[in-house]
Amino acid sequence: MEKQKTAIYLNLCTLAGLMGMAWFIWYGIQNQIFVSQEALEAFLGRFGMFAPLCFILIQTVQVVIPILPGAIGCLGGVLIFGPVWGFVYNYIGISIGSILAFLLSKYYGKPFVRGIIGDKNYDKYIGWLNKGKAFDKAFALAIFFPVAPDDLLCYMAGLTQMSLRKFATIIFLGKPGSIFLYSLGLTGIMELLKYLF
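Heads up: the sequence shown begins at 998 in the numbering used here, then just goes up one per residue.
What the hints contain is simulated information worked out from the structure, not anything from laboratory work.
There's no promise every hint is true.
[Claimed, not checked] List of simulated lysine to any residue pairs, SDA-like, C-alpha gap at most 25 angstroms: (1) K1121 / L1054; (2) K1163 / E1038; (3) K1121 / E1038; (4) K1107 / W1082; (5) K1107 / A1165; (6) K1103 / V1081; (7) K1107 / P1080; (8) K1117 / F1141; (9) K1172 / L1161; (10) K1134 / L1097; (11) K1163 / G1174; (12) K1103 / P1080; (13) K1121 / A1131; (14) K1121 / V1081; (15) K1107 / V1085; (16) K1163 / P1080; (17) K1130 / F1142; (18) K1121 / I1089; (19) K1103 / P1049; (20) K1134 / T1166; (21) K1107 / I1077; (22) K1107 / F1078; (23) K1130 / G1106; (24) K1134 / I1123; (25) K1134 / L1101; (26) K1130 / E1038; (27) K1107 / G1079; (28) K1134 / F1078; (29) K1103 / F1078; (30) K1103 / I1077; (31) K1103 / G1079; (32) K1134 / G1124; (33) K1121 / L1161; (34) K1172 / N1028.
[As the list claims (entries may be wrong)] Simulated restraints on C-beta separations: (35) G1042 / L1161: 32 to 38 angstroms; (36) L1050 / F1169: 18 to 24 angstroms; (37) L1178 / N1028: 40 to 46 angstroms; (38) G1042 / K1134: 41 to 47 angstroms; (39) G1174 / K1130: 17 to 23 angstroms; (40) K1163 / W1023: 32 to 38 angstroms.
Just so we're clear, the structure is a prediction, and the values are computed from it rather than from any experiment.
Quick reminder that beta carbons are idealized off the backbone N, C-alpha and C, glycines included.
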């Protein structure tokens, strides 16, 4: 009986969290905070000392809902908070989002993952799951390099036998490199564009 009550509470919390996230995504899309660095900066400016927490939430959401462009967040973090704190906030938000995606995948399974990442992406990466330890190695490499679709792969990893501890270790060790390279590359491109135009 106690286990049933706990399960109900957990499901209610999950539902409330998903509803809150859905509202935040709707609000973000309406106000273009996921696609415009200027809109993101203006939005965060309203929160004063709580702006870093809000930014971490935005970065968490953009991983859990992989249709949102992560480039804006990474670049925005560096431009708004500077290279050091921008990197730190990106790292925290993206790591939390990656772990949430993994846990959601573990809990809800293949139909949920297919619904989140779409049939095309699901069919493209489902073959990776049969590679066993080779998947783990490929996943670790993909997390390190910024060009891989790592948000999608976090969902796919949740469908394997990979433990949360192993997944979190890969994320915590691999993400700094990819975030650094991604942020450095985007910042360099932005500086080049400013110089040219």
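Need the status of pair K1134, I1123: alpha-carbon distance at most 25 angstroms?
holds, 16 angstroms
Compare the distance between the alpha carbons of K1107 and I1077 with 25 angstroms, and conclude whether the hinted pair is satisfied.
violated, 38 angstroms
Restraint status (C-alpha distance of K1172 to L1161 at most 25 angstroms)
holds, 16 angstroms
With 41 to 47 angstroms as the target window, see if G1042 and K1134 comply at their CB atoms.
Cβ of G1042 to Cβ of K1134: about 43 angstroms, so the range 41 to 47 angstroms holds.
Would you check the hint for K1107 and F1078, treating anything up to 25 angstroms between C-alpha atoms as holding?
violated, 38 angstroms
Given the hint that K1130 pairs with G1106, does the C-alpha gap stay at or below 25 angstroms?
holds, 20 angstroms
Sort out whether E1038 lies within 25 angstroms of K1130, counting only the CA atoms.
Judged against 25 angstroms, a Cα distance of about 42 angstroms means the pair is violated.
Holds or violated: K1107 to P1080, with C-alpha atoms at most 25 angstroms apart:
This hinted pair is violated, its Cα atoms lying about 38 angstroms apart.
Determine whether the Cβ-Cβ distance between G1042 and L1161 falls within the hinted range of 32 to 38 angstroms.
holds, 36 angstroms
Holds or violated: K1121 to A1131, with C-alpha atoms at most 25 angstroms apart:
Between K1121 and A1131 the Cα gap is close to 17 angstroms, so the pair holds against 25 angstroms.
With a cut-off of 25 angstroms on the C-alpha distance, tell me whether K1103 and G1079 pass.
Distance of about 35 angstroms is beyond 25 angstroms: violated.
Given hint V1085 paired with K1107 - CA-CA distance at most 25 angstroms:
violated, 32 angstroms
Going through the hint list in order, the structure does not satisfy hints 1, 2, 3, 4, 6, 7, 12, 14, 15, 16, 18, 19, 21, 22, 26, 27, 28, 29, 30, 31, 34, 37.
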